[in-house]
Every structure is written in C-alpha cells, then in structure tokens.
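J.: Can you build the whole structure from these sequences, using the hints too?
Oh and the first sequence: position 233 is 234 in the numbering used here, straight run, nothing missing.
Calculated from the structure, these hints are not laboratory results.
Watch out, some of these pointers could steer you wrong.
[Unchecked claim] Cβ pair distances, simulated, as ranges: (1) 189 with 103: 35 to 41 Å; (2) 124 with 417: 50 to 56 Å; (3) 103 with 470: 23 to 29 Å; (4) 325 with 177: 51 to 57 Å; (5) 15 with 417: 18 to 24 Å; (6) 15 with 461: 35 to 41 Å; (7) 39 with 177: 20 to 26 Å; (8) 42 with 305: 30 to 36 Å; (9) 144 with 278: 34 to 40 Å; (10) 62 with 127: 21 to 27 Å; (11) 177 with 15: 32 to 38 Å.
[Unchecked claim] Subject to a maximum C-alpha distance of 30 Å in a straight line, what follows is the list of computed DSSO-like cross-link-like pairs (lysine-lysine): (12) 443 with 455; (13) 433 with 463; (14) 285 with 455; (15) 367 with 416; (16) 35 with 60.
Glycine residues also receive a C-beta, built at the ideal position from the N, C-alpha and C atoms.
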Amino acid sequence: MPESPITPRARDFAAWYQDVVLQGDMAEPAEIVKGCMVIKANGYAVWELLQRELDERFKACGHQNVYFPLLIPESFLKKEAEHVEGFSPELAVVTHAGGKRLEEPYVIRPTSETIIGYFFSRWIQSYRDLPLLLNQWANVMRWELRTRMFLRTTEFLWQEGHTAHSNHQEAVEEVLRILDIYADVAENVMAMPVIKGVKTASEKFAGALRSYSIEAMMQNGLALQAGTSHDLGQNFGKAFNVQFQSSEGRLDYVWQTSWGVSTRLIGGLIMSHSDDKGLVLPPKLAPVKCVIVPIYRREDEKSRVLETAHRLAADCQAKVDDREGQSPGAKFFHWERRGVPVVVELGPREVAAGNAVLKRRDTGAKETIPQQELPGRLQSALAQMQLDLYQAARRRLQENTVLANSLAEVESILKDATAERGGGKFVMAHLKDDPQCDARLKEFKATVRNIPLKDEYDGPGKCVITGEPVDRRVVIAKAY
RNA sequence: CGGGGCGUAGCGCAGCCUGGUAGCGCACCUGCCUUGGGCGCAGGGGGUCGGAGGUUCAAAUCCUCUCGCCCCGACCA
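T.: Encoded structure:
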C-alpha cells in the first residue's frame with residue numbers, strides 16, 4: 002500500500018474514514034466482489050485480539066463454540082413470520098449446484114436462528130438438557146444496498162450466540178449478562194464508551210420479543226450500534242418445535258436468546274480514536290504495541306544502534322524497524338498511520354547516554370528515558386494511553402449529548418447536527434415506544450437508538466409526540 | 001434501487017472535447033550516496049486504457065450495453 006495523504010476529518014469525514022482504513026492497512030474493497038472487502042493482515046490481527054477478549058468471556062460463563070452450515074434451506078427462513086419479513090430483502094440464494102437446479106434453494110445465512118432452531122429441536126428433550134449455551138464464529142451475508150468497509154459489507158464476520166433455557170427469567174438474565182460483556186469489551190478493551198439499552202419495538206430484531214443494544218458515538222457524532230442481544234421468547238421454539246419436558250413432566254417450548262457482535266466493531270474502533278494522521282489503536286487491541294526506529298549515520302553507529310535496539314526490543318516485546326534504505330522519517334510516518342501506540346526513537350545520542358526517546362501515538366508527546374526503565378515506562382505509557390483514549394471518547398459523548406423537552410427542540414438539534422460538520426448529537430428526550438413515534442423521527446433522519454437501561458437523567462416525563470407519560474428519556478440520533 | 005462522480009502501470013493522475021507511436025509523479029528494481037519527521041543522483045522494468053459490442057483505414061478518445069468503486073438519499077449489524 003503506497004502511502005498517500007489522509008483527508009482531514011473536518012473536510013470530509015467519510016473520505017477520512019476510508020483513507021484511514023486504507024492507509025492503516027486494515028482492509029480494502031474487494032472490487033471484483035460487490036459490496037465485499039478484503040480484511041488485511043493488520044485489520045485481521047485486530048479482529049483476532051477482539052475475538053480472544055470476547056471468546057474468553059463467553060467461555061467463562063459456560064458457552065461452548067460450535068459451527069453450523071453456511072447454507073440454510075429457504076423454507077426454514079419462512080417458519081417465523083416476522084423473521085422472514087425482516088430478512089428476505091437482503092438474502093442471497095443458491096439455486097444451482099452440481100450443474101443442476103436445486104429442488105429447494107438454499108439461502109446463504111444472514112444469521113442462524115432458523116437452522117439452529119432446527120437442531121435444538123433434535124437435541125433438547127428434557128429440562129436436564131437446558132440451558133444450552135452455544136456460540137459460533139462465522140461469516141454471514143446480507144445483500145446491502147450501500148456498503149462501507151467494516152461498518153456495513155455484504156459479507157461480514159461475527160460471533161452469534163444462541164442459547165435455550167427452561168424459563169423466561171433465565172433467558173432474560175442471559176441476554177443482559179451478554180450485554181454486560183459487550184459493554185465491558187467496548188469500554189475496557191476498545192476504549193469506546195457505550196450506552197446499554199432496549200431497542201424500540203420497531204427497531205428490534207425480526208423475530209425477537211425484545212432486543213437490547215450497546216450504542217456508541219463516533220467522532221462525527223453519529224451513533225453506531227455496536228452489539229445486540231435478543232430475547233427471542235418462545236418465537237423460534239414454537240416455529241421449530243423446540244420442546245422440553247419440565248421436572249413436573251409438563252411439555253413446554255424453550256426460551257431462546259441470540260446475540261452478536263461483528264467486524265463492524267473495528268469500524269467503530271477506527272471512528273472512535275483515529276486522527277488526521279491516521280489510525281490510532283488502543284494498546285489492548287494493537288497487534289504491534291511498540292516499534293523501535295533506529296537512527297544512524299555511519300557504519301560504527303549503525304552496528305551499535307541496532308545492537309542496542311534489538312536488546313531493548315527483546316526486553317519489552319517491541320519490533321525493531323531495521324529496514325534498509327528507508328529514512329527514519331519515513332518509518333515514523335509508516336507506523337504512525339498504522340496506529341502503533343508507542344514508537345521509540347533510538348540514535349547515537351541515546352545510545353551514548355544510555356537513553357531512549359519514547360513517543361505516544363495519541364498525544365504525540367516525546368519523553369527521554371533511561372534504557373533500563375524502558376520496559377516499565379512502556380507498560381505505563383500503554384496503560385495510560387488506554388485510559389486517556391477512553392476518557393477522551395467519554396468526554397466527547399458527554400459533550401455531544403443534549404436534552405430536549407419538545408419535538409421542536411429535538412428537530413432543531415438534529416437539523417444542526419450534520420455529521421459532515423462533525424456536529425452529530427445524541428438527543429435525550431421523553432418518547433413513547435410506539436412505531437408511530439419512531440416514524441415521526443424519520444423526518445429528521447434520526448432513529449431511537451435505544452431506551453437506556455440506566456436512567457442518568459430526570460426520570461419520568463411526557464412523550465414529546467403523544468404527551469403520554471413515559472418512564473425515562475430515550476437516545477435519539479442519526480446513525481450508521 | 002434513484003441522483004451525482006469515477007474506472008488509463010502497484011497508487012495518484014494527465015491524455016478524451018477536436019480519433020493517428022500511451023504519458024507524468026510516487027512506488028518498485030540496480031548502483032552510488034544518505035539516514036534525528038516522507039534524502040538525493042544515474043540507469044531500468046512494468047499497460048489486454050474496467051469488460052463486451054459497434055462506427056472507422058485507424059478507438060483510451062465517438063456510440064450502445066455491461067461490471068465495479070466512491071459520495072448523497074430510501075432499506076439495514
């Protein structure tokens with residue numbers, strides 16, 4: 002990837018985002034395959050780190066990984082009325098195979114509730130088989146009209162958890178436990194603050210009783226749904242006849258949940274922290290945490306500097322950029338745009354004095370430190386950067402969240418909140434969970450992101466549209 | 001799927017209007033020289049001009065169709 006200029010955020014946020022993805026060597030459009038992308042090594046390494054964080058949390062509460070087929074009989078999708086209605090417009094269908102037309106077409110999974118429901122019905126007989134706690138890491142395909150790398154592509158990678166329980170309460174606990182895991186990873190690993198909440202009826206997953214989400218704010222003020230967790234009730238249990246016998250001998254349908262996060266998180270990560278110089282990665286998700294750039298002029302300097310560089314690198318798991326024929330300046334730019342959290346400059350001056358210069362990606366601050374302190378100082382710089390990124394994102398979220406007490410106020414805030422100018426807002430207003438209210442917001446190109454689980458404002462009030470009493474304020478915003 | 005923009009060397013572009021040897025910058029290769037924020041000089045390699053069809057003696061250039069990408073909208077993780 003040749004290194005080209007990056008469009009400043011203030012000039013064109015969408016162009017900036019694309020430049021950062023490309024120049025950070027995270028991904029590129031597949032071009033020959035509509036709507037798809039190639040996730041490059043740097044981007045995939047971030048995904049692997051995220052996967053590990055999520056996977057160990059899932060396993061810690063008893064989930065096991067499995068894998069179901071990519072292809073699903075078309076008839077399966079139709080078994081849950083709301084589900085088929087929600088997904089049919091974006092399905093890719095396989096009609097031919099082995100040189101013949103298939104008797105029944107397969108759809109390429111847009112999500113796996115249906116095929117998993119089928120197998121659940123074969124595997125579950127008794128309450129002793131419950132809860133069944135499964136997760137799969139997979140690719141899915143949704144034929145999107147408009148794609149953006151990581152944020153929305155036709156094919157994407159995700160995990161989808163699917164669980165079955167003997168009662169509703171336990172299923173709801175599961176849904177909320179997972180939502181907490183998502184929020185924990187978003188905030189403490191990705192350094193991306195999120196709002197946990199319930200989706201409105203019209204925004205919920207097709208086929209769910211209730212959907213919960215975590216919502217994040219990007220640097221332009223647009224909302225990003227970063228993860229969802231669904232209480233499926235008995236809808237799929239009934240559609241696929243997943244019955245179990247209770248300890249009292251009664252036959253009942255299972256209560257199911259499903260939940261997922263996708264490679265979209267990487268888009269959120271990029272839009273949370275990166276700057277006009279390129280990618281900024283929080284240390285916990287940086288595949289390379291530290292690069293040492295050696296600086297030398299003469300042969301004798303070169304050997305001494307490189308020797309010191311490799312010795313220091315071994316002590317703190319850093320990478321030495323010892324490429325020939327590249328000036329130190331070129332190397333600084335290279336690692337900067339790839340989001341490496343800390344770069345260490347090491348030249349003859351430092352070697353002579355027993356020092357090293359440590360530079361943080363986010364602040365650009367340089368610090369000269371004794372070499373023997375490097376491992377410790379590096380660790381503390383990384384830890385501090387992780388915290389600082391979170392704090393900066395948190396502050397941005399707070400500063401761009403505003404209260405509105407009438408529909409006119411909601412409208413005027415959203416009208417001024419053009420993302421192109423980086424002025425997107427989260428508007429907190431009282432609003433009834435009613436499809437007609439959601440529809441009104443469409444006039445402002447906004448949606449209810451969610452109804453926060455935790456009310457951080459003033460409690461009950463009157464809906465700004467219907468005037469009816471509602472419990473708390475909801476998050477209204479323009480979204481990706 | 002509608003509106004707009006764009007497809008010419010790995011990347012960024014010029015050439016197209018007015019048809020006539022396919023160019024420039026960066027990157028790449030070789031050599032020398034350099035290295036504290038994108039070094040320099042010299043030489044060199046690399047192209048079915050997105051694809052198909054048509055007009056023409058002749059098409060990157062004109063016409064028709066098609067595919068893809070980006071932006072804006074309607075639908076969505």
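J.: Against each hint, give a clear statement of whether it holds in the structure.
T.: Each hint tested on the structure:
{"no.": "1", "hint": "189 with 103: 35 to 41 Å", "in the structure": "47 Å, violated"}
{"no.": "2", "hint": "124 with 417: 50 to 56 Å", "in the structure": "54 Å, holds"}
{"no.": "3", "hint": "103 with 470: 23 to 29 Å", "in the structure": "54 Å, violated"}
{"no.": "4", "hint": "325 with 177: 51 to 57 Å", "in the structure": "55 Å, holds"}
{"no.": "5", "hint": "15 with 417: 18 to 24 Å", "in the structure": "19 Å, holds"}
{"no.": "6", "hint": "15 with 461: 35 to 41 Å", "in the structure": "39 Å, holds"}
{"no.": "7", "hint": "39 with 177: 20 to 26 Å", "in the structure": "36 Å, violated"}
{"no.": "8", "hint": "42 with 305: 30 to 36 Å", "in the structure": "32 Å, holds"}
{"no.": "9", "hint": "144 with 278: 34 to 40 Å", "in the structure": "36 Å, holds"}
{"no.": "10", "hint": "62 with 127: 21 to 27 Å", "in the structure": "22 Å, holds"}
{"no.": "11", "hint": "177 with 15: 32 to 38 Å", "in the structure": "35 Å, holds"}
{"no.": "12", "hint": "443 with 455", "in the structure": "25 Å, holds"}
{"no.": "13", "hint": "433 with 463", "in the structure": "8 Å, holds"}
{"no.": "14", "hint": "285 with 455", "in the structure": "27 Å, holds"}
{"no.": "15", "hint": "367 with 416", "in the structure": "41 Å, violated"}
{"no.": "16", "hint": "35 with 60", "in the structure": "35 Å, violated"}
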